[in-house]
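Using the sequences plus the hints, can you model the full thing?
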Amino acid sequence: MNPRIKHRITRRQSLTLIGATLIGATLTAMTLPTASLLANTGGMRQKAFAGTDKKLPVIGMGTWRTFNVGNDPQLLDARTEVVKAFFEHGGGLIDSSPMYGSAPDVMGYALQELGTPESLFAAEKVWSPAGGSAREQVAELEDRWKVEQFDLVQVHNLTDWREHLVALQEMKAEGIIRHVGITTSHGRRHSEIEQIMASEDIDFVQLTYNITHREAENRLLPLAEERGIGVIANRPYDGGSLIKNLKRRNAPLPEWAQKECGCDTWADFLLKFIVSHPAITCAIPATTQVKHMHENMRAGYSSPMPSANARQRMAAYIESL
Amino acid sequence: MNEWTSYRLQDFIPFTAEVYFRLLERMRETFWPLHLLTLALGATTLVLALKHRPRLACLLLAPLWAFVAVAFFFQRYAELNWAGGYVGNAFIAQAVLLALMALTGWGMDNAPRLKNPPVAIGIAITLFGLIIMPLMAPLSGGSWYQAEVFGIHADPTAVTTLGLVLIILRGFALWIAAIMPALWLVVSGMTLQALDSTVSVVLFAVLAITLVGLVWKSIKPKR
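Going line by line, the protein sequences match chains A and B. If you count the first sequence from 1, position 177 lands on 177 in my numbering, and the numbers rise without skipping. If you count the second sequence from 1, position 27 lands on 27 in my numbering, and the numbers rise without skipping.
It is worth saying that the hints were derived from the structure and are not from the lab. Each residue gets a CB set at the ideal place from its N, CA and C atoms; glycine is no exception. Some hints here could point you the wrong way.
A partial selection of chain A residues facing chain B, derived with a Cβ cut-off under 7 angstroms [claimed, not checked]:
no., residue
1, Gly70
2, Asp72
3, Ser102
4, Arg188
Some chain B residues judged to face chain A by a derived CB distance under 10 angstroms, without partners named [what the hints assert, rightly or not]:
no., residue
5, Tyr7
6, Asp11
7, Pro14
8, Phe15
9, Arg22
10, Arg76
11, Leu80
12, Trp82
Rendered as structure tokens:
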């Protein structure tokens, strides 16, 4: 028998094979979505940053006040649980500072307990004194975090930013750190921030942006988009007072919030407002509680995000309360 | 935006209320039953002050200030707040000041009269620091572990000391010895206010009453 004939398949076998292939491909697509699908439909929403094709989850984590627990074993374990929940949701950016007391040490404790997941995007800061201290500060903070390299090092509140930026750029060029940024908060020194964004080669700017503090929309956020600078929004709940007041007053979510923005909680409402701005890379709410971490992270999941019109409606609603 | 007007009290407190109250609990976890000894020392100091032994009373206060400096500020509070080390140094300075006053006898009021209003205020503040302050946490819904005790925690040590110096000191020395405990109560009161604790009101009230006592004793230094 001709071997070619021996291996010839029948029409029925062909149809079966084609069908099986189609079903298999469909199942594969359903169970193993590509990175882009994950970014926009199934998992935590992610955004590209700093003019690269790298992406960050839109909800990160801050550590000001919340992670400064000293060496209290009870609270060290409690904060580790918060970090664990953050990573379980696919969290990425964690921001800290040498000005936050023991927070860098507490992060080191948590990472030692949990291991360091690939999703971690470790962000730190340098502050006074300037001069040659940036390298020493970064090395010391790496020891405290127990990480080999920071993904981002920022100049804290523009402290001696000229000297620090030069040093950080050198460290970036040498591969000691991956990205460079500057920070401010509470709407302070925006004109100086704007000048630095326009003239310096930075990857990130961190500033205060939330539904009641929107000054950055005027100049800084458009400039960040134009220059391809990633934006980290700090104080998303205005230091906690915004969401606490809404919850304390039992303020109702507007009826349209679920349909238009997929908001089931105030955390959804406040965080989605921030991260739906096209210039914002991620928001960094801080919390001491696992329950609140779950709430925060759910806001980054890819239910509908508010449109530009919906964002205006959201801001107007908060103003009306 | 004016940079300084944008700051709020909370911006200067780098920890949460939970962490602060755990700090108080950890003092109890570590040092109990030393609390009983420091309270006994406080009671002894009051008795010595009223028995016209002001130098010995002043001397007994000094090691307690040094202990709070080391155990509370250097070893614990400084982990949470970079300024904690400086406050610890100030507490050490207060310990040295009290010891020097005791050894030299500078500014001692050797015969305080109970009927003298500033002395009566001093006694009331001392009793408040020794007896009422440890009860405030449990009576306001907190745990016994958060009870603040003279000689262990900073606030009752400062309050009790203010009461005692009103009894045992006079003149310029009285004001000098009152500066550090009063300043700490201002800092602590503002911290507690930022942490939404009503205890801040108590500390500010003690400060106001102490100020009345200080002025009164300065206006009428001779009995």
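The hints, checked one at a time:
1. Given hint, glycine 70 of chain A at the interface with chain B, holds; its Cβ is 4 angstroms from that chain's nearest Cβ, closer than 7 angstroms.
2. Interface hint at aspartate 72 of chain A: satisfied, since its Cβ lies 5 angstroms from the closest Cβ of chain B, which is below the 7 angstroms cut-off.
3. With a least beta-carbon distance of about 5 angstroms to chain B, the hint placing serine 102 of chain A at the interface is held under the 7 angstroms criterion.
4. A least Cβ separation of about 5 angstroms between arginine 188 of chain A and chain B falls short of the 7 angstroms threshold, and the interface hint therefore holds.
5. A distance limit of 10 angstroms between C-beta atoms decides the matter here; for tyrosine 7 of chain B the minimum to chain A is near 8 angstroms, and the interface restraint holds.
6. For aspartate 11 of chain B, the shortest C-beta to C-beta distance to chain A is roughly 8 angstroms, which falls under 10 angstroms, so the interface hint holds.
7. For proline 14 of chain B, the shortest C-beta to C-beta distance to chain A is roughly 5 angstroms, which falls under 10 angstroms, so the interface hint holds.
8. Because the closest C-beta pair between phenylalanine 15 of chain B and chain A is about 5 angstroms apart, less than 10 angstroms, the hint holds.
9. Because the smallest distance between the Cβ of arginine 22 of chain B and any Cβ of chain A comes to about 5 angstroms, under 10 angstroms, the interface hint for this residue holds.
10. At about 7 angstroms, the closest approach between the beta carbon of arginine 76 of chain B and any beta carbon in chain A falls short of 10 angstroms, and the interface hint on this residue holds.
11. A hinted interface residue such as leucine 80 of chain B counts as satisfied when its beta carbon comes closer than 10 angstroms to some beta carbon of chain A; here the least separation is about 5 angstroms, so the hint holds.
12. The beta carbon of tryptophan 82 of chain B comes within 7 angstroms of a beta carbon in chain A, closer than 10 angstroms, and the hint placing it at the interface holds.
Consistency with the previously given hints is maintained throughout, with no hint failing.
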